[in-house]
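2 protein chains.
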Amino acid sequence: MPAKDKFHDAVKNALIKDGWTITDDPLRLRWGKRRGYIDIGAEKLFSAEKEGRKIAVEIKSFSSLSEMADLEDGVGQYTIYQTLLKRLQPDRTLYLAIPQEKYFDLFDENEIGSLLLEDYNLKIIVYESENEVIAKWIH
Amino acid sequence: MPAKDKFHDAVKNALIKDGWTITDDPLRLRWGKRRGYIDIGAEKLFSAEKEGRKIAVEIKSFSSLSEMADLEDGVGQYTIYQTLLKRLQPDRTLYLAIPQEKYFDLFDENEIGSLLLEDYNLKIIVYESENEVIAKWIH
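If you read the protein sequences in the order shown, they are chains A and B. In this text, residue positions in the first sequence follow the working numbering: the first is 1472, and each later residue adds one. In this text, residue positions in the second sequence follow the working numbering: the first is 1472, and each later residue adds one.
Source of the hints: derived by calculation from the structure; they are not laboratory data. Some hints here could point you the wrong way.
Note: identical chains are not told apart, hence a pair may lie in one copy or across any two.
[To be verified] Computed cross-link-like contacts, DSSO-like style, restricted to lysine-lysine with a CA-CA straight-line distance of at most 30 Å:
| id | residue 1 | residue 2 |
| --- | --- | --- |
| 1 | K1557 | K1573 |
| 2 | K1607 | K1488 |
| 3 | K1525 | K1594 |
| 4 | K1607 | K1557 |
| 5 | K1557 | K1521 |
| 6 | K1521 | K1594 |
| 7 | K1594 | K1557 |
Because the structure is a prediction, the values reported are computed rather than measured.
The whole structure should be built from the sequences, with the hints applied where relevant.
If you want it as structure tokens, here you go:
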């Protein structure tokens, strides 16, 4: 099981301050028949609710040496979680949580992240990791 | 720069046997303005042509301990390469090359890979790594 992302608590606390209730941490998505179920999501994913709105949040700290490798990793996980959520919990919307400074680096105008937002149905929570607050929702 | 995937030569040789000409190895996709260009793709991507048909091939050996982590990684890279190719070389079609045994594990009926094929425009070359031949194209 992967180690908890170091910004896990910052994102959770930011959502709690914003009025959300954390419902499952981790949120486990189980799938696969032929070789037995596998748990997907593990400790990188949690769920929250607010006023009937249900979300799943993938935490990505982007703390490795390569921002591009982190982005590839985060987008790959998002794609797979999305595919499973659609079938297991279709009323829950998936967000990728990204620290604000990495959002500026990767998703600024003309940067690769902005192209991904144009091309794919990618939803993002931008958070300030020091202050533990949500900076921006991108739907 | 990432190390060459160990099945890189097997996929290239399989395509050559199938009548393709390798045109760029690696195929570099350069993007980004604000902080200077970055090379994406590096040694995981090459290009080939046959009878006017142009492809880019992402090689994924799925050789780590976790098939799911490899799949996430491969899908994330595919998504980003796809987004860049669409803008840089729109006449080139991207394929993810997967060894046959991993294809059976991950893309069998009801397995996660089969859901990804339903949901996304994912194109795959399935190859036999021992014999260095293409087993199947999935368009």
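Hint check results:
1. K1557 / K1573: Both, since 28 Å and 24 Å are each at most 30 Å.
2. K1607 / K1488: Within one copy only: 14 Å inside, 51 Å across.
3. K1525 / K1594: within (14 Å within a copy, 32 Å between copies)
4. K1607 / K1557: Classified as both: same-chain Cα gap 24 Å, cross-chain 28 Å, threshold 30 Å.
5. K1557 / K1521: within (20 Å within a copy, 38 Å between copies)
6. K1521 / K1594: within (17 Å within a copy, 38 Å between copies)
7. K1594 / K1557: Both ways: K1594 and K1557 sit 14 Å apart in one copy and 21 Å across, limit 30 Å.
The structure fails none of the hints (numbered hints given earlier).
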